[in-house]
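In terms of full-length UniProt numbering, the sequence shown is residues 1 to 87.
FYI, nobody ran anything at the bench for these hints, they're computed from the structure.
Every residue, glycine too, gets a C-beta built ideally from N, C-alpha and C.
Careful: at least some of the hints might be erroneous.
[Unchecked claim] Just the calculated beta-carbon pair ranges, DEER-fashion:
1) R81 - A47: 26 to 32 Å
2) D46 - P80: 24 to 30 Å
3) I78 - V51: 16 to 22 Å
4) E79 - G41: 17 to 23 Å
5) R48 - G17: 28 to 34 Å
6) S24 - R81: 17 to 23 Å
7) G41 - I76: 18 to 24 Å
8) A47 - P80: 26 to 32 Å
9) V38 - D73: 17 to 23 Å
10) E79 - S24: 17 to 23 Å
11) V19 - R48: 25 to 31 Å
12) T49 - E79: 23 to 29 Å
13) T21 - Q66: 15 to 21 Å
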Amino acid sequence: MVTPPANDSFHDPYPIGWVLTYLSAGPVNGSGRYRIGVVTGESVRDARTGVETIPLAEAGEDTNGQVVWIRDDDVIGIEPRLRSRHG
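Kindly produce the complete structure, drawing on both the sequences and the hints.
Listed below in structure tokens is the structure:
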């Protein structure tokens, strides 16, 4: 069973800990242009351009804790992160 987010999270378009699917701007690899990542912090809107970016930890890869910033217009899906029943 998924733990529901806190009430404040319902107003946040990208809740911390949720999984985003997004279009990758990098080279196309075996997984195609789509990638997934876990939201690690609050999104940031550039005051000059109005572009909103979201910090993500890439899921399923050894990134040594690196965070990637993606544009909100590259997001194509969002879902809660499933938690194991044992942890």
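Checklist line | Structure-inconsistent hints, enumerated in ascending order | finding: none
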